[in-house]
Amino acid sequence: MLNAREHNSESNALRVPVPIPAFRVVQPLPVGNRALKRTNASSAPKTDPEAPDWVMLIGRIRDHQDRAAFARVFEHFAPRVKAFLMKSGADATLAEECAQDVMTTLWRKAHMFDPSRASVATWIFTIARNRRIDMLRRQRRPEPEDLTWGPEAEPAQEDVLSLQQESEKLRQAITDLPETQKELIERAYFGDLSHSEIAAETGLPLGTIKSRIRLALDRLRHAMK
Amino acid sequence: MTEKIKHHLSDDLLIAYSAGLLNEAFSLMVATHVSLCDTCRAQLESFDAVGGAILEGDGLPDVPHVAMSPDAIEAIFATIDLAPAQETRAARRKDDVFPAPLQDYVGGDLASVKWRPVGMGLKQAILPTAKGATARLLYIPAGAAVPDHSHNGTELTMVLKGAFSDEYDSFGPGDVETADQDVTHTPVADISEDCICLAVTDAPLKFKGIIPRMLQPFLRI
Numbered sequence: 001m002l003n004a005r006e007h008n009s010e011s012n013a014l015r016v017p018v019p020i021p022a023f024r025v026v027q028p029l030p031v032g033n034r035a036l037k038r039t040n041a042s043s044a045p046k047t048d049p050e051a052p053d054w055v056m057l058i059g060r061i062r063d064h065q066d067r068a069a070f071a072r073v074f075e076h077f078a079p080r081v082k083a084f085l086m087k088s089g090a091d092a093t094l095a096e097e098c099a100q101d102v103m104t105t106l107w108r109k110a111h112m113f114d115p116s117r118a119s120v121a122t123w124i125f126t127i128a129r130n131r132r133i134d135m136l137r138r139q140r141r142p143e144p145e146d147l148t149w150g151p152e153a154e155p156a157q158e159d160v161l162s163l164q165q166e167s168e169k170l171r172q173a174i175t176d177l178p179e180t181q182k183e184l185i186e187r188a189y190f191g192d193l194s195h196s197e198i199a200a201e202t203g204l205p206l207g208t209i210k211s212r213i214r215l216a217l218d219r220l221r222h223a224m225k
Numbered sequence: 001m002t003e004k005i006k007h008h009l010s011d012d013l014l015i016a017y018s019a020g021l022l023n024e025a026f027s028l029m030v031a032t033h034v035s036l037c038d039t040c041r042a043q044l045e046s047f048d049a050v051g052g053a054i055l056e057g058d059g060l061p062d063v064p065h066v067a068m069s070p071d072a073i074e075a076i077f078a079t080i081d082l083a084p085a086q087e088t089r090a091a092r093r094k095d096d097v098f099p100a101p102l103q104d105y106v107g108g109d110l111a112s113v114k115w116r117p118v119g120m121g122l123k124q125a126i127l128p129t130a131k132g133a134t135a136r137l138l139y140i141p142a143g144a145a146v147p148d149h150s151h152n153g154t155e156l157t158m159v160l161k162g163a164f165s166d167e168y169d170s171f172g173p174g175d176v177e178t179a180d181q182d183v184t185h186t187p188v189a190d191i192s193e194d195c196i197c198l199a200v201t202d203a204p205l206k207f208k209g210i211i212p213r214m215l216q217p218f219l220r221i
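Just so you know, the protein sequences line up as chains A and B, in that order.
Just so we're aligned, residue 1 is where the first sequence starts under the working numbering, counting upward by one.
Just so we're aligned, residue 1 is where the second sequence starts under the working numbering, counting upward by one.
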């Protein structure tokens with residue numbers, strides 16, 4: 001499994017050198033575990049037959065204002081968003097209120113979701129993270145320009161599928177991390193670590209996701225010309 | 001333009017932005033650069049995917065009593081019924097110099113900037129961001145130099161228009177120069193065009209010359 005830094009080599013060569021964060025010393029995984037991971041990575045991700053097709057449900061919210069679809073997304077994600085905000089230091093009341101805001105934003109911005117560049121969980125994470133900055137720091141959160149699909153362009157199904165599969169692989173890879181590393185990454189994303197303590201040196205399969213997103217961006221730019 | 005950018009943001013910065021740990025001024029830099037740079041956008045969105053995986057992962061359900069209140073979904077539907085429309089940020093016009101996140105802080109494009117002269121033909125405009133770091137626009141006339149300076153903290157400078165060079169390299173539109181304690185440099189704008197940059201610092205710059213140093217408290221640079 002390649003690590004994030006190797007995947008970046010094409011751009012890193014031109015970058016200002018960045019000090020490598022301190023906790024790069026990563027114990028190698030036991031051989032058996034590694035072999036197992038490689039098998040997982042090369043086969044199609046196991047999809048839970050019970051797991052709903054989140055992308056489709058967001059599409060139903062966008063196209064049909066489908067409240068039943070929204071209820072399913074809400075049921076799964078709202079408690080997670082609330083837990084995420086509580087891990088970030090919000091009390092239960094504030095977290096409840098903000099989680100409701102996040103889910104309202106999801107409804108209103110369903111047309112902005114691009115499944116060839118993010119999983120539904122990733123998209124919801126970014127909404128929740130922005131809301132958290134708003135709520136806990138009372139600061140504005142500058143956001144990059146949106147790249148929206150034109151009236152005719154829709155993301156290609158193959159791009160959507162592969163991005164969603166890669167996201168599932170990433171989720172599995174994080175689940176499989178040694179406990180200490182997993183906790184470090186989680187704390188970082190809960191907003192609980194200064195950024196010098198975070199590193200991408202955990203061997204996560206980010207490079208493939210990056211290439212998928214890059215491909216989707218290229219196609220989008222092409223479609224917008 | 002996006003393919004011509006050769007100086008990018010560091011992974012450390014992108015991770016910190018993704019995790020929501022960056023101060024406002026540096027977030028503005030990241031948002032502005034990512035608006036122009038597909039390489040960094042893809043990198044950032046892959047770090048966002050880590051956040052998504054954590055939201056989906058098994059680290060969250062162990063928080064006790066996170067069930068949403070029973071009437072939460074009805075409350076949301078009520079809110080949606082009240083105001084169904086959602087305005088989106090207007091798309092940037094093709095000949096605009098500033099990407100949308102920067103326009104949000106300036107209140108428009110280049111023509112809306114309230115420049116203040118800072119001597120030697122240089123102008124700057126400090127943007128309203130939270131304490132802890134400073135964001136400002138810099139206007140360097142063609143061929144002019146920013147006085148010799150080193151840095152107490154980190155300074156990121158991104159070219160929006162024109163180009164500049166210093167002792168180390170040259171920078172064109174979209175390029176970001178990262179300078180920290182170890183760097184003393186004299187950026188000089190290219191002769192062909194005035195240069196406009198976004199600069200963010202998390203500590204005041206240390207100027208070597210006596211005059212700029214005396215001015216520093218007044219210039220807030």
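Where hints are given, some of them may not hold.
[Said to hold, decoys possible] So the derived label-pair ranges between C-beta atoms look like this:
#1 Ala71/A <-> Glu193/B: 38 to 46 Å
#2 Glu75/A <-> Ala83/B: 21 to 29 Å
#3 Arg137/A <-> Lys114/B: 20 to 28 Å
#4 Asp146/A <-> Asp58/B: 41 to 49 Å
[Stated by the list, open to error] The following residues of chain B were derived to be distant from chain A, with all beta-carbon distances above 10 Å:
#5 Leu21
#6 Ala31
#7 Arg92
#8 Arg93
#9 Gly119
#10 Leu122
#11 Lys123
#12 Ile126
#13 Ala145
#14 His151
#15 Asp190
Note that these hints are calculated values from the structure, not bench results.
Where is the CB? At the ideal position from N, CA and C, for every residue including glycine.
Status of the hints after comparison with the structure:
no. : hint                              : result
1   : Ala71/A <-> Glu193/B: 38 to 46 Å  : violated (56 Å)
2   : Glu75/A <-> Ala83/B: 21 to 29 Å   : holds (24 Å)
3   : Arg137/A <-> Lys114/B: 20 to 28 Å : holds (26 Å)
4   : Asp146/A <-> Asp58/B: 41 to 49 Å  : violated (32 Å)
5   : Leu21                             : violated (5 Å)
6   : Ala31                             : violated (4 Å)
7   : Arg92                             : violated (6 Å)
8   : Arg93                             : holds (12 Å)
9   : Gly119                            : holds (28 Å)
10  : Leu122                            : holds (24 Å)
11  : Lys123                            : holds (23 Å)
12  : Ile126                            : holds (15 Å)
13  : Ala145                            : holds (21 Å)
14  : His151                            : holds (13 Å)
15  : Asp190                            : holds (20 Å)
Taken one by one, the earlier hints fail for this structure at numbers 1, 4, 5, 6 and 7, listed in ascending order.
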